[in-house]
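Protein chains in written order, with the UniProt record's numbering: chain A, 1 to 271; chain B, 1 to 271.
Incorrect hints may have been included.
In this list, chains with the same sequence are indistinguishable; a pair is considered to hold if it fits within one copy or across any two.
Stated by the list, open to error - Think about it this way: if two alpha-carbon atoms lie no more than 25 Å apart in a straight line, the pair counts; the simulated SDA-like pairs of lysine to any residue are: (1) Lys-162 to Asp-251; (2) Lys-35 to Met-89; (3) Lys-188 to Gly-233; (4) Lys-162 to His-258; (5) Lys-195 to Thr-111.
Bear in mind the hints are in silico, worked out from the structure with no lab data behind them.
There are 2 protein chains.
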Amino acid sequence: MKRSERLVDLTNFLTENPFELLKLSTFTERYESSKSTISEDLEIIRQVFKAREIGEIKTYTGTAGGVEFIPDISDKRSVEFARDIQELMGHQKRILPGGYLYLSDIVGDPTNLKKIGRILAHEFIDARVDAVMTIATKGIPIAQATAECLNVPFVVVRRDPKVTEGATLAVNYMSGSSSKVESMVLSKRALLPGKRVLIVDDFMKGGGTLNGMRSLVYEMDCRVAGVSVFIEGPFHGERPLVDYRSMLRVDNIDLANHAIDVRLGNMFDRA
Amino acid sequence: MKRSERLVDLTNFLTENPFELLKLSTFTERYESSKSTISEDLEIIRQVFKAREIGEIKTYTGTAGGVEFIPDISDKRSVEFARDIQELMGHQKRILPGGYLYLSDIVGDPTNLKKIGRILAHEFIDARVDAVMTIATKGIPIAQATAECLNVPFVVVRRDPKVTEGATLAVNYMSGSSSKVESMVLSKRALLPGKRVLIVDDFMKGGGTLNGMRSLVYEMDCRVAGVSVFIEGPFHGERPLVDYRSMLRVDNIDLANHAIDVRLGNMFDRA
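Throw the hints in and build the complete structure from the sequences for me.
Below is the structure:
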């Protein structure tokens, strides 16, 4: 097989298997080439992926060695993606009676979801995330997109237990916006103890739901690797939730003039 | 830029932008190369993608011309993927009280979802799908994975209207298993008239839910491009649903012996 052909297949193979330690022998066999030839190929890919900000190609030497592709966008690209979504958010037709926002088109589009997933994966790339957690229904696409980018599973919390979940663990939490006590459940078999969990949701008002998921993580004997929300909505008063990162922030929904004030969230404050 | 470097970046660019007609000028500018050079690059990629069953690279000539990457797996790969999932399904720990099956781990894993999405995308590659439809909650990951592979949006039907959905269209349907009349709703703005909709769900018993979605598609002045289900469960009697394709089929759940009889679904009958 020619180098040009190997490079095409190898590039596709690596991007298809992110965060997986692939042994060099996988490739020497696949291409019937020597280790040194494959190493040269990988070096070319490594440089292009670095220059084009596609991600990192890590090589490990020794008997347990191999190569790993770590997809990751740059801070700059992350902001660009967030601005793309911000632009979609600003449309006045999103405003629903009662000041609610219609988001289903955004979180139902694979192109947007890929961007959202990459922003969140970039934000928590060093947090050693073992699993992503969200609550049904609208958080699911965001959790799935993030989990895909981090190559970890995701688990879905529900407001009511279902017969298809088996034994469940339930927690009560205080809704931040209405001060009511509510409950949420998760299948006992969804998470093993000790896992580092990234909590995500689509929209945050008072932060009560996110806090509920936080206590659910602790009750599962797991740890919180991070808390993130796609959109931080307007809220008057002090939120009980301290540490969260938002992608976008809606400060004001002007029902009279059909205008929404959408900004980048606190995730980008450092930029 | 060297050919080897161009091939790496071009391969990644194409796989990142499936089903998009990309103008050749995009690449002549990106790589500061001539059209004939880029055409040669694309020919190399086309051949590798064909040999490795990654997908098809289509080139169109003329002023509206360009190149399009159509990811698609082979029938053979599709069966292999289905067998991978079938193996996961057969585990006795899946059986829950009442004969229900625990599936959340399977549909919460990005690797499995990618396989499921590819099988479904392959099955309906010629059905000119404009959008994928499913019902909350467990159908969502399957719909999202399929929509991603087909690069179309997905819409989520609910059992109850939510304030964040705006105006909704509701239909009543007959639950196939319990013969009760139930209802489901979809946001009016979720689908434009005339769209071709692929209906997917995670589990089918009597098929009533799928039939409900079918009537919802018609009430939206859209058309059904296909109906598919991840798992076809055991059902005694005649299903009111005629035309559907299942990926896996569970014929029997033996509660006494904790055994599940899982086979490939009718999607693979032709093989």
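Taking the hints in turn, this is what the structure says about them:
1. Taking identical chains as interchangeable, the C-alpha atoms of Lys-162 and Asp-251 lie at most 25 Å apart only when they sit on different chains, with a minimum of 22 Å there against 36 Å within one chain.
2. For the identical chains of this complex, Lys-35 and Met-89 are neighbours neither inside a copy (50 Å) nor across copies (38 Å), given an alpha-carbon limit of 25 Å.
3. Within a single copy, Lys-188 and Gly-233 get their C-alpha atoms only as close as 31 Å, which misses the 25 Å cut-off; across copies the closest is 24 Å, which meets it.
4. In this homomeric assembly, Lys-162 and His-258 come within 25 Å of each other (Cα to Cα) only across copies, at 21 Å, whereas the closest approach inside a single copy is 39 Å.
5. Proximity of Lys-195 to Thr-111 under the C-alpha cut-off of 25 Å is restricted to the inter-copy arrangement: shortest distance 19 Å between copies versus 30 Å within a copy.
Hint 2 from the list above is the single one not met by this structure.
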